[in-house]
Structures are given as C-alpha cells and as structure tokens.
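In order, the protein sequence lines correspond to chains A and B. Residue 304 in this note's numbering is what sits at position 70 of the first sequence, and the numbering runs on without skipping anything. Residue 293 in this note's numbering is what sits at position 59 of the second sequence, and the numbering runs on without skipping anything.
A hint or two may mislead.
Because identical chains cannot be distinguished in the list, a pair is counted as satisfied if it fits within a single copy or across any two copies.
[Claimed, not checked] Listed below are the simulated SDA-like cross-link pairs for lysine to any residue, each with C-alpha atoms no more than 25 Å apart in a straight line:
| hint | residue 1 | residue 2 |
| --- | --- | --- |
| 1 | K375 | Q356 |
| 2 | K375 | L412 |
| 3 | K375 | R241 |
| 4 | K375 | W307 |
| 5 | K375 | P407 |
| 6 | K368 | L412 |
| 7 | K375 | R318 |
| 8 | K368 | Q397 |
| 9 | K368 | G269 |
| 10 | K368 | R295 |
| 11 | K375 | L365 |
| 12 | K375 | E425 |
Read the hints as simulated data drawn from the structure, not as lab findings.
There are 2 protein chains.
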Amino acid sequence: MALAPWRTAIARALHQNRSLAYARYLQLATVRVNGLPANRTVVFRGFLEATNQLKFITDSRSEKAEQIQQQPWAEVCWYFPNTREQFRITGGLTLVGSDSQPDLAPARATTWQELSDAARLQFAWPHPGQLRNKDEQAAFKPPLPNPNQPLPNFCLLLLDPLQVDHLELRGEPQNRWLYYRDDQHEWSTEEINP
Amino acid sequence: MALAPWRTAIARALHQNRSLAYARYLQLATVRVNGLPANRTVVFRGFLEATNQLKFITDSRSEKAEQIQQQPWAEVCWYFPNTREQFRITGGLTLVGSDSQPDLAPARATTWQELSDAARLQFAWPHPGQLRNKDEQAAFKPPLPNPNQPLPNFCLLLLDPLQVDHLELRGEPQNRWLYYRDDQHEWSTEEINP
Numbered sequence: 235m236a237l238a239p240w241r242t243a244i245a246r247a248l249h250q251n252r253s254l255a256y257a258r259y260l261q262l263a264t265v266r267v268n269g270l271p272a273n274r275t276v277v278f279r280g281f282l283e284a285t286n287q288l289k290f291i292t293d294s295r296s297e298k299a300e301q302i303q304q305q306p307w308a309e310v311c312w313y314f315p316n317t318r319e320q321f322r323i324t325g326g327l328t329l330v331g332s333d334s335q336p337d338l339a340p341a342r343a344t345t346w347q348e349l350s351d352a353a354r355l356q357f358a359w360p361h362p363g364q365l366r367n368k369d370e371q372a373a374f375k376p377p378l379p380n381p382n383q384p385l386p387n388f389c390l391l392l393l394d395p396l397q398v399d400h401l402e403l404r405g406e407p408q409n410r411w412l413y414y415r416d417d418q419h420e421w422s423t424e425e426i427n428p
Numbered sequence: 235m236a237l238a239p240w241r242t243a244i245a246r247a248l249h250q251n252r253s254l255a256y257a258r259y260l261q262l263a264t265v266r267v268n269g270l271p272a273n274r275t276v277v278f279r280g281f282l283e284a285t286n287q288l289k290f291i292t293d294s295r296s297e298k299a300e301q302i303q304q305q306p307w308a309e310v311c312w313y314f315p316n317t318r319e320q321f322r323i324t325g326g327l328t329l330v331g332s333d334s335q336p337d338l339a340p341a342r343a344t345t346w347q348e349l350s351d352a353a354r355l356q357f358a359w360p361h362p363g364q365l366r367n368k369d370e371q372a373a374f375k376p377p378l379p380n381p382n383q384p385l386p387n388f389c390l391l392l393l394d395p396l397q398v399d400h401l402e403l404r405g406e407p408q409n410r411w412l413y414y415r416d417d418q419h420e421w422s423t424e425e426i427n428p
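Bound conformation, chain A alone (with noise of 0.2 Å):
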C-alpha cells in the first residue's frame, strides 16, 4: 500500500507538536440514531500498519458505538497549537470488537498491549453515561484487567480516510489543501481557498 500523500504532513504535524501530550487529541463527529450531529475528543493511538487508517479505541457500551453501528460515516477534526494547522479528516469507521473480523482481531490485541494499566482499567469500571451511585465508590477500583488478553467491551476503531481538507492559519494569507480518494484507491490533491 502507498502512504497517501496527506500522511507526509500529519508526520510533520506530529514530530513539530511533540511537547504537547494533547497534541494527539482530536475530536470525532458522529450522527446519532436519530440524525443529530454528536463530538467527543478521542486519543490517536497511531495508523493501522501498512494502511492509512487511523486508530483509535472505544467502550462498546459507550453512545459512539451504537451510532456507528448504524452510520459509520464520520468527520475528525484535528488541531494542532504550536504549528497552528487544521487536519479535517472524512472517511468511515471500523468497529472491531470482541466478535469482529478474524483478521483485525490480533490489532486488536496488540492495542490493548499497548495500553497504559490506568487506560485499560476504565473499561473495568462501570457503564459509561449511567447514573453514578456515589455508595459504590469501590466499583472504580476493580482489579487490574489481564494486560495481554483484552475486556470484551474493548474496541479498536479504525477511521478510513476518503477526504482530508488541511488548513495552515500560519502563511500568506493562509495554506488550505484538499486531499481526495477515487474509487481506484488513488488519492489527488488540490490547492483551495482559506
């Protein structure tokens, strides 16, 4: 697979925000199950190897996996501060599971490894967006999850980019490219207006 040619300046985006732990957050958009448009920041856990696809991970009992279920289509939106720079990416998503695809099972795996024991500890915790019973104070403190074998609630999400619209505030005025995916895979790009 070719890198596509956005990935160049995602790199560099990347290496020249290094010393912002948050520069590796980013905002995904979603529609809801009844057609509202739903924003939540998630973590970029790095590209699926020898693919464009970005991954990311999710509770499956978190609102954002059952919109996806039903509209997979999604838009990040990506900013960097210290290069001042905008990466709106469009593409669609990939839910993989405890019961998904054979062959995504072992990025699945491997993502769980990667985890922090803090990071994988919040899917040990209790259903995300229910009422909190302060009295169960305990249920925030379950044991350890196993670090190799990952909670059936653990979901690696791959984005799939078809469109990424690169905005640069620095420059004269400002850079602003659109990037494209064809139905043969091939991606073109085009200079735009800010």
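Given chain A, work out where chain B should sit, using these hints.
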C-alpha cells in the same frame, strides 16, 4: 435571565486556561445536507449579553452556513488542556447575517467591531473552499474593511445550549456531570459515570 448552572464551570475553565490562546478554540459538529457529519474548529467569542448563548463568527459563503440553515442542531466539543476537562455542548444554532432578525443586528455589529483588523480582513478574501488562483495573490490583500460596518457575508453564529456534558479527567477516578434544560427552561444536573 438566570445564569445556567454550567456557566460557573465554563468560567472557571476559561480562567484556569487563560495562558493558552487556543483554550478558546473548540470544535463544532454539524450535519451536512447529505446527512453526514461535519466538524471544524471555531473560536469562542463570549456569551450573548443576558443569555446563555455562545457566540462564534462565520462567513455566509462557508459550507457550514448552508448546513445550519438546513439543520440547525449542533454539538460543540471543548477541551481545556491545562485542567484536562471536556465540555460537550448540544443545542440549536442561529445564523445572524445581514438580512437577519433586526433584534440581533446590534449584537452582529458589536461582534464585528470587536474583531481584529486581521480577522475582519478574512471576510474580504475570495470565496472559501474554491480552487485557489495563484495568479491572483492581490485578491488576498484587499483594502481593510470598515471596522464599524460588517461586510454583508459576515455572520454572527449563536449556540443555544439544551444539554451540557462535563467530564473532568482529573479526579478519583474521573468526574462527569450532565446538565439539561426542560421545556420550562429550567436546568437540572445529574452526576453520571465517566
């Protein structure tokens, strides 16, 4: 009008993150005319006087102006790096352009007057998103617009919140509250699982 209960939390976050200019940047998700999600960074410009509505600005020539007229529902995601907290604010958008409600015209004019020259200049640039014409660099160096009279394509954009989901990543384990407004415009709060 009573200040909504989540206003205190926003005011505190803005104060504690005031060292970062980009703590006023947030991501606005809308739904495209084709039903798919869109997501981009916008700048928070304060609250509309005597309301709980967030102010942003946009260009009537941008895609989001068209999307909003079709589907005014939106969700913004606002992450504050210093305090490690996220607000997801869901509500209806109002686009205030040159031919909008007369009662909002003064707010539109004031917002224009409060912009920097550089910010106002962008509204005199060529049509955003169209192919860039490198032979016409002069088009990006127009004369400065009148600082008192908004250009016709300048829009004030208002978000009237109906629900606010506040997540604190710092905490033991984390803290999360859901604020929602009922038909009588009364706000309720629930503590929910992170």
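For each hint, the structure was consulted:
In this homomeric assembly, K375 and Q356 come within 25 Å of each other (Cα to Cα) only inside a single copy, at 10 Å, whereas the closest approach across copies is 52 Å. Proximity of K375 to L412 under the C-alpha cut-off of 25 Å is restricted to the inter-copy arrangement: shortest distance 23 Å between copies versus 46 Å within a copy. Taking the shortest alpha-carbon separations for K375 and R241, neither the intra-copy value of 40 Å nor the inter-copy value of 31 Å comes in at or below 25 Å. Taking the shortest alpha-carbon separations for K375 and W307, neither the intra-copy value of 35 Å nor the inter-copy value of 38 Å comes in at or below 25 Å.
In the homo-oligomer, the alpha carbons of K375 and P407 lie at most 25 Å apart only across protomers (8 Å), although the nearest pairing inside one protomer, at 52 Å, exceeds that limit. Taking the shortest Cα distances, K368 and L412 sit within 25 Å of each other only across copies (15 Å), while inside one copy they are farther apart (49 Å). For the homomeric pair K375 and R318, the shortest alpha-carbon distance between copies (21 Å) is at most 25 Å, but the shortest distance inside one copy (39 Å) is not. With identical chains, the CA atoms of K368 and Q397 are at most 25 Å apart between copies only, with a shortest distance of 23 Å across copies and 45 Å within one.
Neither within a single protomer nor between protomers do K368 and G269 lie at most 25 Å apart by alpha-carbon distance, with minima of 34 Å and 40 Å respectively. Proximity of K368 to R295 under the C-alpha cut-off of 25 Å is restricted to the intra-copy arrangement: shortest distance 20 Å within a copy versus 50 Å between copies. In this homomeric assembly, K375 and L365 come within 25 Å of each other (Cα to Cα) only inside a single copy, at 17 Å, whereas the closest approach across copies is 55 Å. Only between protomers do K375 and E425 lie at most 25 Å apart by alpha-carbon distance; the minimum there is 18 Å, versus 51 Å within a single protomer.
Checked against the numbered hints given earlier, this structure breaks hints 3, 4, 9; the rest are met.
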